[in-house]
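Enquirer: Residue-level listing of the chains:
2 protein chains.
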Amino acid sequence: MATPNSASPQTPVEARRIVLAKRPQGEPQPDDFRFEDVTLPAPAPGEVVLQTLYLSLDPYMRGRMNEGPSYAAAVPLGGVMTGEVVGRVVASNDPQWRPGDLALAFAGWTTHAVINAKELRRVDPQAAPIETRLGVLGMPGFTAYVGLHDIGKPKAGETVVVAAASGPVGSLVGQLARQAGARAVGIAGGARKCAYVKEELGFDAVIDHHQTDMARQLAAACPDGIDVYFENVGGEVWNAVFPLLNAFARVPVCGLIADYNGITARPGEASVPELMRAVLSKRLTLRGFINYDLESYRDAFERDVGAGVRSGKLRYTLDIVDGIDQAPQAFMGMLKGRNFGKLLVRVAQ
Amino acid sequence: MATPNSASPQTPVEARRIVLAKRPQGEPQPDDFRFEDVTLPAPAPGEVVLQTLYLSLDPYMRGRMNEGPSYAAAVPLGGVMTGEVVGRVVASNDPQWRPGDLALAFAGWTTHAVINAKELRRVDPQAAPIETRLGVLGMPGFTAYVGLHDIGKPKAGETVVVAAASGPVGSLVGQLARQAGARAVGIAGGARKCAYVKEELGFDAVIDHHQTDMARQLAAACPDGIDVYFENVGGEVWNAVFPLLNAFARVPVCGLIADYNGITARPGEASVPELMRAVLSKRLTLRGFINYDLESYRDAFERDVGAGVRSGKLRYTLDIVDGIDQAPQAFMGMLKGRNFGKLLVRVAQ
Numbered sequence: 007m008a009t010p011n012s013a014s015p016q017t018p019v020e021a022r023r024i025v026l027a028k029r030p031q032g033e034p035q036p037d038d039f040r041f042e043d044v045t046l047p048a049p050a051p052g053e054v055v056l057q058t059l060y061l062s063l064d065p066y067m068r069g070r071m072n073e074g075p076s077y078a079a080a081v082p083l084g085g086v087m088t089g090e091v092v093g094r095v096v097a098s099n100d101p102q103w104r105p106g107d108l109a110l111a112f113a114g115w116t117t118h119a120v121i122n123a124k125e126l127r128r129v130d131p132q133a134a135p136i137e138t139r140l141g142v143l144g145m146p147g148f149t150a151y152v153g154l155h156d157i158g159k160p161k162a163g164e165t166v167v168v169a170a171a172s173g174p175v176g177s178l179v180g181q182l183a184r185q186a187g188a189r190a191v192g193i194a195g196g197a198r199k200c201a202y203v204k205e206e207l208g209f210d211a212v213i214d215h216h217q218t219d220m221a222r223q224l225a226a227a228c229p230d231g232i233d234v235y236f237e238n239v240g241g242e243v244w245n246a247v248f249p250l251l252n253a254f255a256r257v258p259v260c261g262l263i264a265d266y267n268g269i270t271a272r273p274g275e276a277s278v279p280e281l282m283r284a285v286l287s288k289r290l291t292l293r294g295f296i297n298y299d300l301e302s303y304r305d306a307f308e309r310d311v312g313a314g315v316r317s318g319k320l321r322y323t324l325d326i327v328d329g330i331d332q333a334p335q336a337f338m339g340m341l342k343g344r345n346f347g348k349l350l351v352r353v354a355q
Numbered sequence: 007m008a009t010p011n012s013a014s015p016q017t018p019v020e021a022r023r024i025v026l027a028k029r030p031q032g033e034p035q036p037d038d039f040r041f042e043d044v045t046l047p048a049p050a051p052g053e054v055v056l057q058t059l060y061l062s063l064d065p066y067m068r069g070r071m072n073e074g075p076s077y078a079a080a081v082p083l084g085g086v087m088t089g090e091v092v093g094r095v096v097a098s099n100d101p102q103w104r105p106g107d108l109a110l111a112f113a114g115w116t117t118h119a120v121i122n123a124k125e126l127r128r129v130d131p132q133a134a135p136i137e138t139r140l141g142v143l144g145m146p147g148f149t150a151y152v153g154l155h156d157i158g159k160p161k162a163g164e165t166v167v168v169a170a171a172s173g174p175v176g177s178l179v180g181q182l183a184r185q186a187g188a189r190a191v192g193i194a195g196g197a198r199k200c201a202y203v204k205e206e207l208g209f210d211a212v213i214d215h216h217q218t219d220m221a222r223q224l225a226a227a228c229p230d231g232i233d234v235y236f237e238n239v240g241g242e243v244w245n246a247v248f249p250l251l252n253a254f255a256r257v258p259v260c261g262l263i264a265d266y267n268g269i270t271a272r273p274g275e276a277s278v279p280e281l282m283r284a285v286l287s288k289r290l291t292l293r294g295f296i297n298y299d300l301e302s303y304r305d306a307f308e309r310d311v312g313a314g315v316r317s318g319k320l321r322y323t324l325d326i327v328d329g330i331d332q333a334p335q336a337f338m339g340m341l342k343g344r345n346f347g348k349l350l351v352r353v354a355q
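Protein sequences appear in the order of chains H and X. Just so we're aligned, residue 7 is where the first sequence starts under the working numbering, counting upward by one. Just so we're aligned, residue 7 is where the second sequence starts under the working numbering, counting upward by one.
Hints in this document: simulated from the structure, not taken from any laboratory. Heads up, some of the hints might be wrong.
For identical chains, the list gives no copy identity; a pair is met inside one copy or between any two copies.
[What the hints assert, rightly or not] Each computed DSS-like pair below joins lysine-lysine, with the alpha-carbon atoms no more than 27 Å apart:
| no. | residue 1 | residue 2 |
| --- | --- | --- |
| 1 | 288 | 342 |
| 2 | 319 | 288 |
| 3 | 319 | 28 |
| 4 | 288 | 204 |
| 5 | 159 | 288 |
| 6 | 319 | 342 |
| 7 | 159 | 319 |
| 8 | 288 | 28 |
| 9 | 124 | 342 |
| 10 | 161 | 124 |
| 11 | 28 | 204 |
| 12 | 124 | 28 |
| 13 | 159 | 342 |
| 14 | 342 | 161 |
| 15 | 204 | 124 |
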């Protein structure tokens with residue numbers, strides 16, 4: 007029953023993949039990961055073999071390494087680490103896909119995967135560089151867009167604060183806030199990132215969280231308080247932001263990278279009753295969201311951010327490491343803020 | 007320049023009023039209040055003399071007794087305690103008002119006040135009992151209505167939890183939730199209030215917070231978790247509610263009576279990082295609001311709740327004490343949950 011565009015691989019496909027060997031205690035360590043070389047089965051009808059070109063590494067993956075309830079299932083012990091890729095179809099047993107087609111899929115940390123064709127999203131390499139589909143035009147960009155539009159809703163003259171401001175979410179949050187006429191204040195780690203945020207991305211102000219007096223600097227950079235705090239880090243940044251929140255401030259909560267390795271008490275931080283008192287007296291909105299809950303924004307996102315990227319008005323930076331073997335080290339470094347821009351692993355070309 | 011409907015009082019009006027003598031440390035004490043007997047000035051043009059018929063006592067007043075920033079200014083030391091009243095115009099120097107007219111105003115804890123006519127809202131005694139303008143058809147009812155409609159948004163089959171369920175806010179929250187097809191679970195203090203909430207107000211379940219195992223009982227009463235928690239008390243109730251919140255739960259925050267006398271650490275309660283992790287992973291919405299921020303709901307409220315009160319479908323209970331001299335004691339008792347229904351002071355008839 008082979009159709010002209012279905013091609014079983016002539017030779018079995020060998021894949022190298024990375025599985026969760028142990029659940030990390032605190033910061034992930036190299037031996038929490040294990041490499042496996044496997045021979046993939048031939049694709050069944052409706053399936054394709056996808057070769058990973060770029061693997062996206064994102065903070066949320068740290069949460070998937072833990073047991074316990076969260077918004078998505080944990081990676082099982084021995085299971086392939088979860089992750090989105092841009093890949094190339096190298097064999098297809100589905101009439102909609104031909105070898106050479108490019109697609110997005112949650113293939114995981116692997117060089118190749120057999121995937122149900124229904125789980126692929128087609129990528130047009132003419133529309134934008136394919137790497138952007140994992141960054142500014144992918145999940146991180148969409149996260150920035152929906153969090154700002156559905157929750158943050160910055161108005162002209164308001165102040166929007168975001169941390170990890172040189173990263174794929176924060177960089178777009180600040181640029182979109184400025185497009186809305188708001189002041190964008192970024193927080194980033196180190197002089198190089200701060201210079202990029204201010205000079206390349208055009209934020210109005212930037213704070214280096216490596217400085218010891220971040221809270222004081224943030225207050226100075228936000229003389230009119232904070233109207234939108236796009237929460238993607240938690241920790242000390244939250245403590246610095248909290249007293250500066252204005253009446254009717256909105257806090258979209260999309261990530262808490264500071265706590266992903268475990269929550270530690272921070273002396274001097276507000277208690278829950280103090281937080282709730284501020285929620286009441288300042289009429290704050292705190293709202294958690296996951297990008298895929300807000301798919302109704304997809305078309306507007308593709309239109310608005312796509313146009314901005316094509317025209318060069320919206321800037322982004324990629325941090326690319328080469329080879330699947332580098333994924334664990336790159337991921338561990340990202341959790342410490344060592345990446346500069348959207349972190350990708352180039353697995354093949 | 008007297009007009010036919012302006013009448014200067016023939017004799018000066020004597021007023022008895024209650025001022026803030028000291029800022030309470032923790033629970034208010036009798037000597038935090040002081041009675042004053044004063045002779046009021048004659049009303050200037052555009053002013054009236056309003057005689058208080060009913061004075062509303064509400065938990066928010068505890069906050070006004072403190073210094074420091076909140077959503078409204080503190081009562082100054084020596085100032086008349088703030089409060090809304092239904093009163094009767096006894097002298098008018100404004101063409102829009104005649105003696106005998108009934109009005110709502112923030113006259114404070116006083117038998118009489120000279121008030122700018124612009125600050126009066128007319129009360130029609132034919133439309134509903136005038137006492138309801140301070141309860142189910144007044145600020146507490148409006149608070150329930152806007153918090154539920156603008157933030158809680160209960161859907162059929164969802165579970166809505168509210169504390170102080172026999173009080174003027176909680177009782178309407180539960181009844182409106184049931185009108186929306188949701189399950190209403192109330193928390194109240196003592197067997198008598200609980201019986202009223204279940205049998206008279208028609209809540210699906212009620213928990214007595216005087217019981218030691220409130221958290222376990224609440225979990226049993228919410229087998230499908232909690233979708234809307236209307237937060238008006240804080241404290242131990244919040245600790246019992248928090249682990250039961252479902253994904254996408256909404257928490258309108260309108261009051262924190264448990265903490266009004268001061269925040270004390272509660273062992274075992276979630277930290278802010280744990281709260282924020284839940285906000286993220288469950289996509290919770292926490293939003294503070296003050297009823298007067300949401301005036302756009304006024305007409306819908308008057309229509310919906312007015313109809314419910316007139317038809318008897320929406321029930322309410324008043325707790326009326328007689329005489330302005332009783333106000334401090336009644337207020338202190340309310341903060342301990344000793345009132346049963348909307349607490350009013352009948353100052354004159």
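Enquirer: A separate judgement is required for each hint: does it hold in the structure or not?
Expert: A quick look at each hint next to the structure:
no.	hint	result
1	288 / 342	between (33 Å within a copy, 25 Å between copies)
2	319 / 288	neither (35 Å within a copy, 35 Å between copies)
3	319 / 28	neither (43 Å within a copy, 59 Å between copies)
4	288 / 204	neither (30 Å within a copy, 34 Å between copies)
5	159 / 288	both (17 Å within a copy, 21 Å between copies)
6	319 / 342	neither (29 Å within a copy, 59 Å between copies)
7	159 / 319	within (20 Å within a copy, 39 Å between copies)
8	288 / 28	between (44 Å within a copy, 26 Å between copies)
9	124 / 342	neither (36 Å within a copy, 60 Å between copies)
10	161 / 124	neither (40 Å within a copy, 32 Å between copies)
11	28 / 204	neither (40 Å within a copy, 51 Å between copies)
12	124 / 28	neither (31 Å within a copy, 70 Å between copies)
13	159 / 342	neither (30 Å within a copy, 40 Å between copies)
14	342 / 161	neither (33 Å within a copy, 42 Å between copies)
15	204 / 124	neither (42 Å within a copy, 50 Å between copies)
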